[in-house]
Amino acid sequence: MASITFREVEGSSLKYWLLFGFFGLFVLFGALAWNYMHHHGHVVTGMDNQIVWGLPHVFAVFLIVAASGALNVASIASVFNKPMYKPLAPLSAVLSLALMLGGLLVLVLDLGRSDRLIVAMTHFNFKSMFTWNVFLYSGFFGLVGVYLWTMLDRSVKTYSKAAGTAAFIWRLVLTTGTGSLFGFLIARELYGTAMLAPMFIIMSFAYGLAVYLMVLAAAYAWTGRTLGDAVMMRLKSLLVVFVAAVLYFVVVHHMTNLYFTKFHAVEAFILRDGGIFTTLFWVGQILVGGVIPLIILLSALGKQRTWIMIACALVILGGVAQMYVTIIGAQAYPLDLFPGLTEKSSFFDGEVHGYSPSMPELFLGLGGVAIALLATTFAVKVLRLLPASLDDATVAKLEH
Amino acid sequence: MSELKSMSDNTPNSPQLESQQRRRFIGAATATAAGLAIAPGVMLYEVAHGRSEDEAVSSAVRWGMLVDATKCATGCNDCVSACSTENGWTSVAESKHPKQAPQWIRKLELQDPLTQMETNLPMMCQHCAEPPCVDVCPTGASFKRADGIVLVNRHTCIGCRYCMMACPYKARSLVHESLNDTQKPDVPRGIGCVEACTLCVQKIDRGDGNTACAEACTAAGHNALLFGDMNDPESEISKRLRELPTKQVRADLNLNLGVRYHGI
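Same order as they appear, the protein sequences are chains Y and F.
The first sequence begins at 4 in the working numbering and counts up by one.
The second sequence begins at 113 in the working numbering and counts up by one.
These are calculated hints, taken from the structure and not from any lab test.
Just so you know, not all the hints are guaranteed correct.
Pulled a few chain F residues facing chain Y out of the computed Cβ check, cut under 7 Å [as the list claims (entries may be wrong)]:
#	residue
1	Gln215
2	Gln223
3	Val248
4	Cys249
5	Pro250
6	Glu289
7	Ile303
Note that beta-carbon positions come from the ideal geometry of N, C-alpha and C, so glycine has one too.
From just these sequences and the hints, can you work out the full model?
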């Protein structure tokens, strides 16, 4: 196998620092948003006692799911022994760590008492899926960190496969845990199903790869390095499979619910009468996040770099829409305490709950995205993560 | 050897010693029997008259409530007002942010769309024996006391709201803003923490033997709420529960609720 040269991004240009400053600005906005929310309480958000998890959770869960998915490229290289993916692996690991960092920060800064984070680190209830996730997230940082080390330090390179396999298994368990945050809830009709765990895993494959492809292409374009079509086309095909698989899971989930009379009302809400949620489901999740990217990637357009990037951006937008429908849509539909009866109360029983996210929530969420991208931008400057060239000839040599 | 010899001299073979021991045994047995006979009475007295702070609650008791929806009056909100006054939460009508205002108890108006039959009832924490909120709480702040009351430890609640996602009864509220001076010294509350009906735990521990909502309902002459120990077969609530057909809300979830409804 031909060797490949990894080189840091020089990162001294005005463009680099502008990018760095741009992300930094959004991190600052995020910090200010948190400070505002923490000072006044959740009263300044759009969240209430009906919609208890709002936009920050949409961003946080998306980032956490995308984080585990971003690791896939590295897993394909080391776990499944595909040499072509080896040069892509270090960025994959760093990006997954950065996305996880961003997601977790949003999650913990949205707590009613984010100042009590230490309590969450010292008091555990092992029947809680949240507690399991605390360990899964910390373990993810540890394992992916070690994996990255085995990739970057020649003296421990022999352990790379073992570390990569451990990280791969861990990330599958982690996303099972993330899906089960919702899957293990009995109260809401759209949750409480084992479907959510595998569905979140396949979603993580798609979202993580879309983010990875965009970051990879941007890094190579902005540093003037060559990124050949061989790499792009291979990853593009992979994205097609993942996006199609997500659609499959979504169809099975809703078809199963539609078969049960007790779920007809909630399904009608999401699929037909839910206003913004119905729009986000059909237009955001299905069309923008699934059907349109598939058409682009499978048609002649999919041979052009720009269109692949557009498809990736659409998958990401569709993913955010999906999280919005999954997290907020499920809460917007009222709890059915007395099936068959209409309910009315001062606590908004029996009504569809409205939700308008506030600016601080949006900026807290964007702050998480910004910190993930800022960390990645910084990492490619200080670590040898990116091959000097990924032109077709170099990549072809790897395969033989 | 001589020691062994002298010890063997004091063995129960000596008739004097034997009778002493018998007397002691009879005395002890009588005291034990008397203790066993009196203890439940003392226990009940203790339960009914509150307990000292260092005394643990007992699982021999299961506090619960019977809601008779057939007696619950349309438009009456006395239980809600009483709860708000007793526990110091601002009523939703006075709140500047009604959607974000905590509501520990609320009146539900139900109607069967086919028959037009209307039912009124108060809805609050159902004090499940198997509470989903306790299952999901990451820090263990959400907990069930031995006597069946489900509470939130305000010192370890981190405000993650997972319990609110898990509760099938929408019983819990997050405190969304800084609290005003309506707070009560024996009802700790705080911004960013989750809270719900405590079955007036401060009153129970004081030995009042009733909740503010049930007292208010009785005072209004409706008698739709009956609070008591569901484990004590002689309690008023147990007697009524034996006679009246009652239901648990979302009984399909099999959570074994501390609040039972008649007339739903």
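Here is what the structure says about each hint:
Interface hint at Gln215/F: satisfied, since its Cβ lies 5 Å from the closest Cβ of chain Y, which is below the 7 Å cut-off. Because the beta carbon of Gln223/F sits about 5 Å from the nearest beta carbon in chain Y, less than 7 Å, this interface hint is met. Because the beta carbon of Val248/F sits about 5 Å from the nearest beta carbon in chain Y, less than 7 Å, this interface hint is met. Interface hint at Cys249/F: satisfied, since its Cβ lies 6 Å from the closest Cβ of chain Y, which is below the 7 Å cut-off.
A distance limit of 7 Å between C-beta atoms decides the matter here; for Pro250/F the minimum to chain Y is near 4 Å, and the interface restraint holds. The beta carbon of Glu289/F comes within 4 Å of a beta carbon in chain Y, closer than 7 Å, and the hint placing it at the interface holds. About 5 Å separates the beta-carbon of Ile303/F from the nearest beta-carbon of chain Y, less than 7 Å, and the hint is met.
Going through the hint list in order, the structure satisfies each hint without exception.
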